[in-house]
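Chain P is already provided as a structure; the job is to place chain F on it using the hints.
Protein chains in written order, with the numbering used here: chain P, 1 to 348; chain F, 1001 to 1348.
Think of the hints as simulated: they come from the structure by calculation, not from any bench.
Treat the numbers as computed from the prediction; the structure is a model and nothing was measured.
Honestly, I wouldn't trust all of these hints.
[Said to hold, decoys possible] With the Cβ distance kept under 8 Å, some of the chain P side facing chain F (calculated, not the full set): (1) Asp48; (2) Ile52; (3) Ile99; (4) Ala101; (5) Leu163; (6) Leu241.
Quick reminder that beta carbons are idealized off the backbone N, C-alpha and C, glycines included.
Each chain, written out:
Protein chains: 2
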Amino acid sequence: MPEDLRNRVDRQPTVAALSEAELLERIFPRLQMTDGHTTSTLLGPGDDAAVIAAPDGRTVISIDTQVQDQDFRLLWPNGYHTTGFDVGWKAAAQNLSDINAMGAHATSMVVSLTLPVDTPVSWVEDLADGLTAGIRELGATRCSVAGGDLGRGGEISVTVAVLGTLDGGRPVLRSGARPGDTLALAGTVGHAAAGLALLESDIPVDTLTPAERAFVDLQCRPRPPLEAGPAARAAGATAMLDISDGLQRDGRRLATASNVAVALDQARMAQLADLLAPAAARLGVDGAAWVLGGGEDHGLLATFPAGVQLPPGFTAIGSIHALGTDEGPGVLTAGRTADNGGWDHFAH
Amino acid sequence: MPEDLRNRVDRQPTVAALSEAELLERIFPRLQMTDGHTTSTLLGPGDDAAVIAAPDGRTVISIDTQVQDQDFRLLWPNGYHTTGFDVGWKAAAQNLSDINAMGAHATSMVVSLTLPVDTPVSWVEDLADGLTAGIRELGATRCSVAGGDLGRGGEISVTVAVLGTLDGGRPVLRSGARPGDTLALAGTVGHAAAGLALLESDIPVDTLTPAERAFVDLQCRPRPPLEAGPAARAAGATAMLDISDGLQRDGRRLATASNVAVALDQARMAQLADLLAPAAARLGVDGAAWVLGGGEDHGLLATFPAGVQLPPGFTAIGSIHALGTDEGPGVLTAGRTADNGGWDHFAH
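Looking at chain P on its own, in the form it has when it is part of the complex (with noise of 0.2 Å):
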């Protein structure tokens, strides 16, 4: 823990002077699920392990980490402190975010968390708390968490994993989409860049503009749109994956898996600019390459057969091209080529 913290954190309770029993017993109560939530879970904490159910005799399951300086600061050069709230949220936003963009619902989560002897018992906590609020906020109303495992390291690691249900319908995959589909986009792309460029620099995190803000807010708590990925496979989309590492390579993946190119509307990836260019011009950077290169805001790019009434939530940005003779699959941004010779035909 940077010194910081650990002062900051002073004469609070840390981990190491409970039980892993008597941790388990101030994190638990906070993942109960309330209003509004249907439960997947048949048999919950404190046994080996846990049952859910599994509806269609299928279950989709994803598996992420996030580690202390690797993913995420616990004090960051503009001055704000990453809550357990936050790492929390964030853990069940990204697990979430997969189960979303195979077109499932998730169904339960798993928490396998490391912990320095010397974090405060309050930052666990407020983990617990942002992990449950993430995901009653964000709409997992069939998700709660099931169970876990608690240890100690020398950095904070936080794993989830996650299942969901497909409702006995197919998973939407990376390789389905054809020549002639509709590219399309669901929930934002870049803000989050926005936010980890604005935590990475020296404009203090108390005189941001309140849209600056919420671009931070959305680096540290993103909110991927849980309604858009069960949605889109009911509308027929050929493809789909969640945008976690920006549209250029996540473009490229989809189009890799695919054997197509992907050509991106360059008005609209003007108009995903123009809503980033006031934090572009403070920082003094081109808003464009957020918009190309940011992943974290976890919103899902899918493709539908042309025609297909995009479900609530999408908006077009592109189609789909057949591959010309010795062209590779890619991402086409010729438009931008032309005016800003900035990109490559293909991106690599």
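Frame of chain P; chain F shown alone:
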């Protein structure tokens, strides 16, 4: 990474030299299951999430993390270097044991791997080999690795989430033991603890006797009895759990969950300790402490109605008693109390 290992692996390629995609290309081929394996994986690595069969409409799930310098040392005091193979095997074994303890068969694993940048690529390849070998050699013939996540960190951390199926049966909980039940053990107990004591000793690893080396091997690569869990369920086990923290602590968990007293048979405890006597004598310790306190063999502790023929792999080691007036649930080692004086009537 300790200086010693860094020197040993100097000039070996490290993970810093590879992209995530390149490292995954090294790992995935090593995770393929071949002969004699059925697959429960309907959709494997390559998309945002995997899809696993859950034939009876439920899935069992558990999660477990191993962290460098907490759960294993890369270099032990006796000179033994923990291999990637050991860590991969142990990750498989620990997680398979949790599924076994519910009376279920494992169907799938997802793995999240956190690696310092100076980790040798070969060490990570060994880890993948160990994971695969553990699944195969322990007999988890319906299980394979369906996906995962790779990231950087300051220390090696390996998290596995494991899924399982009860094939339509009931899960065997910790809470079902009844007065009059027979207490039974499957697998070894205390052997891994003996191995840990040898690893932590100054007896050079290359001077160990074959019996001592077998204890070290069991600590590094546990062998949970995977046939025993489902067999116990089929035979009508009333309660069961994985012995991960020792007969005393795990026995107390079973006693507390079932609100009974767990009585360990003194003669059987002595027989179990006899197997450890030569190693205990060499280290000048009491092998009985390994029997009562050693857990990492990942054997099973189960209870069966009196008169039930114990399934293969189980032997009786005690019995379940109703609580007397003013008596709390716990582990009764009355015989040892009388003979030895070293043990409380109820061990806490």
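Do the hints match the structure? See the list:
At a threshold of 8 Å, the smallest CB-CB gap from Asp48(P) to chain F is about 4 Å, leaving the interface hint in force. Interface restraint check for Ile52(P): the shortest CB-CB distance to chain F comes to about 5 Å, inside 8 Å, so the restraint holds. Annotation: Ile99(P) was flagged as interfacial toward chain F, and the flag holds, the nearest CB pair being 6 Å apart, inside 8 Å. The restraint placing Ala101(P) at the interface with chain F holds, with a minimum CB-CB distance near 4 Å, inside the 8 Å limit.
Among the interface hints, the one on Leu163(P) holds; its C-beta lies about 7 Å from the nearest C-beta in chain F, closer than the 8 Å criterion. The beta carbon of Leu241(P) comes within 6 Å of a beta carbon in chain F, closer than 8 Å, and the hint placing it at the interface holds.
Going down the numbered hints, you'll see the structure goes against none, and every one checks out.
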